[in-house]
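Chemist: Sequence:
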Amino acid sequence: MKYFILVPDGCADRKIPALGNKTPLEAAKIPHINALAKLSEVGHVKTVPDGMEPGSDVANLAVLGYDPAACLTGRAPLEAAAMGIDVGDDELAIRTNLVTLSDDGTIIVDHSAGEIENDDAEILMQFVSETLGGDGLRFYPGVSYRCLLVAKNISPGLKTTPPHDILEQKIADFLPSDEKLRGLMLKSHELLKNHPLNIERVKNGKPPANSIWFWGQGKKMSLSSHEEKYGVKGTMLTAVNLLKGIGGSAGLDCPSVPGATGTLHTNYEGKAQYAIDAFEAGKNFVFLHVEAPDECSHSGDLDGKLLALEYIDRRVFKTVHEYLQNCGDAYRILIVPDHRTPVEIRTHSAEPVPFVLFDSAAARPPEDANAFSEACGESGRYFDSGVELAKYFFS
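Each residue of the sequence shown is one higher than the one before, counting from 1 in the working numbering.
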């Protein structure tokens, strides 16, 4: 049996007047996924436990079949693990976004500095490291705006706020609770706003990466083996270090797909081919994550979100599904977002998400009403946790 999980990050949404009161899943042209849905079990699952924030760390752990309430210490340690960065027992890993603030540094305008290019991000983070690093502070560039700080001597009970949760708001009420980190963020704006690279970005019509923003902190974390837990040998395909950290901590292979960016303009075909290659190499489980719908939602880009869904349908899912149909083995497919990211609010929400689950060995009569959508999911079987859904999928 082969198992394939496809995660279109943040694709679930709410009804949008501009789409005729449809959701993006209902409005997007995704014929291949919807054709499978007619032959599948369609339901919904709660991926965010009560009392937890609907972050990608929480929700993707749940989709992979772990209880985030029992194992999660923070998202940044997972990203550090994916980057090969050791976090000591006396250190805290802290996600460090390159962001765009208003010229006076009081309002957060863009959580990703326009999805800043890797080369520009590396130059600016090197500058941050040289000017603000040392004395127990280690800065690292990551993928695009997703950078990292490993720090000692941070106040216990540190409180931070994800920057994508407070877009267009004044930052004063959302700065970190730790005095040292507050000072570093404010100082970074003074340093970065006049950096030659940012001056050049503004001239070229790009948002400046004129500040760093701390959030997602945590101590080192470890997970039990996914293979031992569910009896499958797996590969995770993603452009996002957070997901690579989750996959690596669970014992999954996490190869880097050339051209995979975590944006709308990623290498969809490359991800599909890597999934096929993993199956051909003897893996019987592939977890394929596509970040694009989530990034478009955070940017308020409805057209981009629709396009991302259509790309996933015809450039990823269609290819992998055709391979599975012809591979000669029985197979199961689970298509499920990690969480909702409604375009209207431009951040994550904790409502249950829809799923499509297909089993080639368990023929079902076609149900024309079935589709990959929030409404269809709500009318089907409900799982109260990702662990429950994973046990059902891998059984």
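In case anyone wonders, no lab produced these hints; they're calculated from the structure. Hints may be right or wrong, so weigh each one.
Claimed, not checked - Taking lysine-lysine and the DSS-like style, the derived pairs with C-alpha atoms no more than 25 Å apart in a straight line are: (1) 187 / 203; (2) 38 / 233; (3) 193 / 233; (4) 159 / 203; (5) 391 / 38; (6) 22 / 2; (7) 193 / 203; (8) 229 / 193; (9) 152 / 170.
None of the values given here were measured: they were computed from a predicted structure.
Chemist: Hints first: check each against the structure and report whether it holds.
Modeler: For each hint, the structure was consulted:
Taking the CA atoms of residue 187 and residue 203, the gap is about 23 Å. The hint holds against a cut of 25 Å. Distance restraint check for residue 38 and residue 233: the Cα-Cα separation of roughly 29 Å exceeds the 25 Å cut-off, and the hinted pair is therefore not satisfied. With a C-alpha separation of about 47 Å, the suggested pair residue 193 and residue 233 falls outside the 25 Å cut-off, and the hint is violated. Annotation: proposed proximity of residue 159 to residue 203 is violated, straight-line Cα distance about 36 Å (limit 25 Å).
Taking the CA atoms of residue 391 and residue 38, the gap is near 23 Å; set against the 25 Å cutoff, the hint holds. Taking the CA atoms of residue 22 and residue 2, the gap is about 34 Å. The hint is violated against a cut of 25 Å. Using a Cα cut-off of 25 Å, the hinted pair residue 193 and residue 203 holds, with the two alpha carbons roughly 13 Å apart. Simply put, residue 229 and residue 193 have alpha-carbon atoms about 48 Å apart, too far for the 25 Å limit, and the pair is violated.
Of the supplied pair hints, the one linking residue 152 and residue 170 is violated, its CA atoms being roughly 28 Å apart against a limit of 25 Å.
When the structure is compared with the earlier hints, violations turn up for hints 2, 3, 4, 6, 8 and 9 and for no others.
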